[in-house]
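2 protein chains.
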Amino acid sequence: MKEPALLANQLFDTGCVKFGTFTLKSGLTSPIYIDLRLLVSRPSLLRQVGRALAEAAQGLSFDRIAAIPYAGLPIGVAMAMALDCPLIYPRREAKAHGTRQAIEGAFEAGETALLVDDLITRGDSKLEAIAPLEEAGLVVRDVLVLLDREQGGADDLARHGYRLHAVLCLTELLKQLVSSERITTAQYDAVMNYLV
Amino acid sequence: MKEPALLANQLFDTGCVKFGTFTLKSGLTSPIYIDLRLLVSRPSLLRQVGRALAEAAQGLSFDRIAAIPYAGLPIGVAMAMALDCPLIYPRREAKAHGTRQAIEGAFEAGETALLVDDLITRGDSKLEAIAPLEEAGLVVRDVLVLLDREQGGADDLARHGYRLHAVLCLTELLKQLVSSERITTAQYDAVMNYLV
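Chains as they are written, first to last, in our numbering: chain A, 8 to 203; chain B, 8 to 203.
If you are wondering where the hints come from, they were derived from the structure by calculation, not from laboratory data. Treat the numbers as computed from the prediction; the structure is a model and nothing was measured. Beta carbons are placed, not taken as given, at the ideal position from N, Cα and C, and that holds for glycine. A couple of the hints might just be wrong.
What the hints assert, rightly or not - Chain A stretches covered by chain B per the calculated footprint, using a threshold of three residues with CB under 8 Å from any CB of chain B:
(1) 45-55
(2) 90-98
(3) 111-124
Extracted from the complex, chain A is given alone in its bound form (with noise of 0.2 Å):
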């Protein structure tokens, strides 16, 4: 089995994705839920993730892996050390504070950095934590995450300029669920009406 499926299954079976019916905060309910800041309670898993990670960004070009916290730090984190390469972050709070650094851990300006984060839903999320590295300094050009939900990310990096990279796409994930029968094709269909 190759990599990506793999880590499909292993998604399901951690409860990092979930079927049934969820309530989101705006009221509305979903058939999946999916939470990938889980992984940090799965370090085998994770460290699965951050070799996949490497491996997707083999042929990007970058300097230092630039992860958002918090579900990106802790797979950033896992694919520095598969990598053995320089990690930054930006702060969520520094706007708010002040007084702290915009930007954790030791870069210059002119280096380019690769963005990762674990999912994408739609781009703005990604285009938020890019400003502040690019007034920095820093060169951002490609956008690595763990998971598209294929709801937009793509062409909303796209359109500013920004290549987006997927270890998996939610389309793939649900077809390798179904392929090792962890869903029913019920299920696919109702998160593939959903999603539309």
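Since chain A is already given, all that's left is putting chain B on it; use the hints.
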């Protein structure tokens, strides 16, 4: 050379510990500046730190590592991967937003969490991190840091019934840097006088 001695040299060589005249936010000056957030930019050193923490935790009994974001999170991930022990982390801004869960990662009430962070000065930020863990039903007995600045943190924790463990304490670190001729005895004295 023993692991902590090696680590002391490497923390100096990578700029995580600096000597000079540093102006603090308060306007006062300090002869030493410690930034262990830089560790993410040295993945191989981060891996060693993870192993050193794992070693320092031998003899302690715990079900989960609870890392304090931000600085403690990459260190906690490295330790979790070294030990293959699940990690959780309290969110910094959980209270402010209200809608987010206070603790990320999987755990059950009644389990024991080992609190992990990069360094300790006084005990207050550790006590703040322990509060949501205990509110969630976790048992906390021990706190493990990479570096103890020896400025009252151990006593603060002891008064609340927690034990502090450290891979390195600042005096040891300074002595090692003198013995490896990275700093002078004058620099050592300046920091020791400053700490008193």
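Hint by hint, where does the structure go against what was stated? Just the numbers, ascending. none
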